[in-house]
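Undergrad: Same order as they appear, the protein sequences are chains H and X.
Just so we're aligned, residue 1015 is where the first sequence starts under this note's numbering, counting upward by one.
Just so we're aligned, residue 1015 is where the second sequence starts under this note's numbering, counting upward by one.
Derived from the structure by calculation, the hints contain no laboratory data.
Honestly, I wouldn't trust all of these hints.
One copy or two, it doesn't matter: identical chains are merged, so the pair holds either way.
As the list claims (entries may be wrong) - With a straight-line Cα cutoff of 30 Å, these simulated DSBU-like cross-link-like pairs (lysine-lysine) come out:
#	residue 1	residue 2
1	Lys-1283	Lys-1223
2	Lys-1156	Lys-1179
3	Lys-1143	Lys-1156
4	Lys-1247	Lys-1326
5	Lys-1380	Lys-1402
6	Lys-1293	Lys-1402
7	Lys-1201	Lys-1143
8	Lys-1201	Lys-1235
Number of protein chains: 2
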Amino acid sequence: MALIVQKYGGTSVANLDQIRKVAERIIKVHGAGNNVVVVLSAMAGETNRLIQLAHEIADDPNTRELDVLLATGEQTTVSLLSIMLESMGYPARSLLGYQAEIVTNRAFGRARIAEIRADRVRELLGQGKIVAVAGFQGRDQKGNITTLGRGGSDTSAVALAAALKADVCEIYTDVDGVYTTDPNLCKKARKLDKIYYDEMLEMASLGAKVLQIRAVEFAKKFNVPIHVRSSFKEEEGTMVVEEKEEDMERLVVSGVAYSKDEARITLSKVPDRPGIASKIFTTIAEAGIVVDMIIQNTRKGGLTDLTFTVAKSDYPRAMAMQTDLAKSVGAEQVLGDEHIAKVSVIGVGMRSHSGVAARMFTALAKENINIMMISTSEIKISCVIEEKYTELAVRILHKVFGLDST
Amino acid sequence: MALIVQKYGGTSVANLDQIRKVAERIIKVHGAGNNVVVVLSAMAGETNRLIQLAHEIADDPNTRELDVLLATGEQTTVSLLSIMLESMGYPARSLLGYQAEIVTNRAFGRARIAEIRADRVRELLGQGKIVAVAGFQGRDQKGNITTLGRGGSDTSAVALAAALKADVCEIYTDVDGVYTTDPNLCKKARKLDKIYYDEMLEMASLGAKVLQIRAVEFAKKFNVPIHVRSSFKEEEGTMVVEEKEEDMERLVVSGVAYSKDEARITLSKVPDRPGIASKIFTTIAEAGIVVDMIIQNTRKGGLTDLTFTVAKSDYPRAMAMQTDLAKSVGAEQVLGDEHIAKVSVIGVGMRSHSGVAARMFTALAKENINIMMISTSEIKISCVIEEKYTELAVRILHKVFGLDST
């Protein structure tokens, strides 16, 4: 008898018909003799509706109270699913975040899970019940309702699976697994049977939207196997698992990711003195803007060019700040570019194979794609290129690294 | 500095505009230096919408899970009000039933409050905050969400006022107070400045819909003054308070109530033997049907007629049961009548004044209104009459007992 945690996203519980299908899927797994814990999101669109309602009242709604409001979304879906399961003759019980003892810090709207006690979940499983836990929500030490931020239900599910030492955490979504790259952009994209935590982390942070980064971090830390699969199909999806040595024979690169969500800012001819970079990035950080890539090139004459990327949504603010700052640090010019893209190749195989970077740069050069910035980690290489070459670059890299389906 | 508990019903928080008006009213009271605890219902229509949603899934939705679903209604309004108050610059904090430590028994859908600890409420009041408590909901000893049944928010408010030893519990509603009788039916109805708990209890149980019976019982038990008033007007409403001896000079009758919600069933020529009545009423009780009035007249020859009233909604079931039962107890006939009404006069003055019943019967007789059944208590007299005479009877009694406005 296995213990399986299943998580269904908003599109999987968008209405009563969908919830019925979810119930039928759960019953099949439960009927096969497994213990089942189900984690649900709010109905598709509901969280946005509630946020909008709060914004009709205030531009900047009180964050504690907004979390109380948002928590109703998952409360609704877990109770409806439990009513559905009970009406079909299966014992079910809903638990809200605080009832499942999902304890978080006090950062309303983006709380982090500190601890899951889950005694109540275990007790109910012991009684043979299907337990439906509201995703996305927890409580702080004082009993205030908190929410985990966008996509937080993935994290709820993985954290519960870790606390319960579940055999697997199944993430049901509207795609049928993790692909070598975006199938909308590259027809030869293949569904992966398996991907490692570290690869999935890079994929998620580089633009793939299948899984929340924090959920993967949690899974890695507690070694929870994740099964990403479609809630509309029966077939197997992609397993996200721990890296094993005997797998070293696989392809060097597991996937190609891209992101068009960044913009580039260059401060040219900055005096190359200690404290300048610190001043620039402290100002940016204090404005709550996250910087992704940073590159510094030394010029002649004690001058340097400083280039970095920020999210496109932060670009106008960041540009305005830099223009002000340029004077005070003695930079000659501030240049901005919104029409960039980041393409990346990812694979744990890079740890033991050399030459991946060279192959990537050669492949791009062959197509006359200029590389503006490069950033590497142990298992990924990212290049910033002109936005218009995104699709071409992804297709070329997908082919060069042997990922095309046959 | 007073401590005031205010309760606003569904029509008072039906949309953001209404909630803004509620916020403004609260701010006025808070600004005058009072501590304010606000108890809210769900938006008008929301509880019915959720019940209907659950019934689309199951004819008989699991009661524990239905309570989880219904509790979202008040969770929404308290968070929206708190966001509103905070955005207007006033410190506010919402508390759900379990957070306010409203502990109930485990009777889902109709739970009774066992205890209110309210330490959290006191703590927040001590910090100068306006506390918005979700009405209608609590938790049982195990932490399951429970709801108190229709109109339960009144009970939440009064119980909180009792636990906090509040100076007054203000119930804001869509009428501006308690009237001597239904103003829709009798133009000369007057708003009462004051009414006693016992009178209000009788009024509520005899058909007046202003306050929940359980809320009044709670108020009486803990001597919580209730102020029933309109959320749309500034003027004072009706105080519901403890009886005082110095008030003995008031009118003997405080109000005239009526109900068209009952039906009458008569078993004629029942053998007058021990155990027969027991058999009849045990059967009815086991079916969950509540019997209101019961009358037994002895006939000649060891036979008796047994008449009782039930809610109109239970009438078809009750008639079917009696028809079956009539044979087994040897009754000759079962007669039913749906076209009846109950008119009642209420007043604590009856305790010290005689002749009220005689005046009532005489007044009805003068208009040729036949009395079918009579039931009395220490402070009320009820008569069952033909339904078509309801309005006439109410107006006549209102006049005879000196209640008409001048």
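Undergrad: Hint by hint, note whether the structure agrees.
TA: We went through each hint and held it up to the structure:
no., hint, result
1, Lys-1283 - Lys-1223, "neither (38 Å within a copy, 79 Å between copies)"
2, Lys-1156 - Lys-1179, "both (27 Å within a copy, 25 Å between copies)"
3, Lys-1143 - Lys-1156, "both (29 Å within a copy, 17 Å between copies)"
4, Lys-1247 - Lys-1326, "neither (35 Å within a copy, 51 Å between copies)"
5, Lys-1380 - Lys-1402, "within (16 Å within a copy, 96 Å between copies)"
6, Lys-1293 - Lys-1402, "neither (33 Å within a copy, 87 Å between copies)"
7, Lys-1201 - Lys-1143, "neither (43 Å within a copy, 58 Å between copies)"
8, Lys-1201 - Lys-1235, "neither (34 Å within a copy, 74 Å between copies)"
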